[in-house]
Amino acid sequence: MSDATDTDEQPPALPGDGLREGIIDDLRNRIGDAIVDTHITPNDDLWIRVQTDAWRQTAEALKAAGFTFFSFISGLDWMPSPYGKGEDDPTAEPKEPDTEIRQGVTGGDTRFQVFARLVDLDRHVGVTIKADVPDEPFAVESWTTVFAGANWHERECHEMFGIGFNGHPDLRNMYLPTDFEGYPLRKDFPLLARMIKPWPGIVDVEPMPVQDEAPDDAPAVEDGAS
Amino acid sequence: MTNLSDRQQLSYIASQAADARLNVELETEGMTLNIGPQHPATHGTLRIICRLDGEQVIWAEPSAGYMHRGYEKLTEVRTFPQVTTLVNRIDWLGSFANEVPFILASEKLMGVEAPPRAQVIRTILFELSRIANVSLFLGDLGVQMGAITPVFLAFRDREYVLNLIEGATGGRFHPNFDRIGGLKDDLPKGWIDETRQTMVKLRKFCDIIEDLLFGNEIFQSRMRGIGIIPADVAKDYGLSGANLRASGVDYDLRRDQDIALSYDMADWKVWTHPDGDSFARCWIRLQETRESCKIVEQLLDQIPAGPIMTKVPRIIKVPEGEAWVSTENPLGEMGYYVVSKGDLGPFRVKIRSASFNNISIVPWALKGVYVPDIITILASLYFILGDIDR
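Residue numbers (the numbering used here), protein chains in the order written: chain Z, 1 to 226; chain A, 227 to 616.
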């Protein structure tokens, strides 16, 4: 298969972990101690968690470092859902809900986090940036002055999680009515459709009947009959 | 910024002038024009509110959300294999392409990889969805300008591709065919030959569309120099796919990332265009359809023998972790940020869809243009409503 790629041009080099470490060092020179934690999955991806105060500064620094392509901003709610997945067997004993808040890659101290992704189009490498969102003030700085495309993403994040973005020109709702109460993507916002009617897919998770136990005198099912 | 022609400069100056007028609030008594949410010229239920000064747009704002289905919330109450059914419906014209990045992200978290045969077939189906998606765009392009013929040709030839997708997966629009660890089924008998013949038809279709539309004087005068997006603005807004490449940025996720799809087995080219106008965006898509045909034709000769499914447990539990995978979908970069807590289903899925970013540039791009250009600029940006609202 290797000869199929034999062309005059060498395929562009794909980023390695050395490059990712270099990016962290470069960012450390630019924003100093604002980096709280970093994480590299070998040959895969890079995460950087920064202090909440340095959220916009990080965007500026990374943009200056070549990460000019803005991919997305969104939020994370690390509290396990108190409602479960709505797929539990209704006849079984109710399970003790998991209430422990465990943050994912690069850790964290708060229930809510914002995360965003920027890409360097020349070096073909992307980075995921995270920051904690404290309860008071429940907001981070807006990225709209750095990346114009952040506008809609921050509106969406504000609507879905309630996270504020200081300096955003217009945090109107995008999807929901203006007087809608609650933040749908928070884990404590119930998915009403599931509350009202249990998921019929519950049938799928029942144990399969064991083949051997089928009685010998069971009537044969004709092909095509349903 | 790239070198601009006189015409491009004029359009840029007009947008600056509109900006200035808006800022000092000197506009004469304007008019608010509402397009949609059910206007035939939009692809679904997007609503655009424009404020006009004479014939010129001085302010425009798309109002999305008429089709929001809450997939990010719904994924949290699904198991991993069930999620593909949902994400199929994000970009409904190229639906197989929506499944792939999610499956790849799940596979990355689980540490499994599809066998080579499955990867090649995945890539072929991925490109077929791109052809099905973009060929409709090419036909629809004419309708936006009052030409009816191209859309009939597009629907006819797209049908061949849909038949192929149906033949392989069983579903015309929503294949739901990709599985963690491989594919649901192998290809049916005779499918490869049929695909080869269809690709010849699709190349012919591209030639016809190029003749009918791209060489057309009216088409050119309504597209060239209209809706210019410079590269730095495009990157700021996160434009992706053909919209980004039309602004001269050489970036394609099929080539520029290490991903478990078989693009490196084919010899193909990433097209860019320096102009960044509506014409460039359409032209890039036309060339990409041809490249897709090329990729499919080459991969058909190289499908390796072997299983189509690797060994995965019957009940799939994904280990704790976070993964981001994005692919070059027909509309642009589509990615899933999957957070798993070791359960049967994802803890959180952030869906980054291409059209959301591609449409967020509309307030910028429509500033200063004339009313008839609204439609052509929107058409050339190419969005699918389900891909904006998710």
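Hints in this document: simulated from the structure, not taken from any laboratory.
Hints are supplied without guarantee of correctness; some may be wrong.
A partial selection of chain A residues facing chain Z, derived with a Cβ cut-off under 8 Å [what the hints assert, rightly or not]:
#1 Ala290
#2 Lys299
#3 Thr375
#4 Arg382
#5 Asp419
#6 Arg422
#7 Thr424
#8 Trp494
#9 Tyr596
We treat Cβ as the ideally placed atom computed from N, Cα and C, and that holds for glycine.
Can you list which hints this structure breaks, lowest number first?
3, 4, 5, 6, 7, 8 and 9
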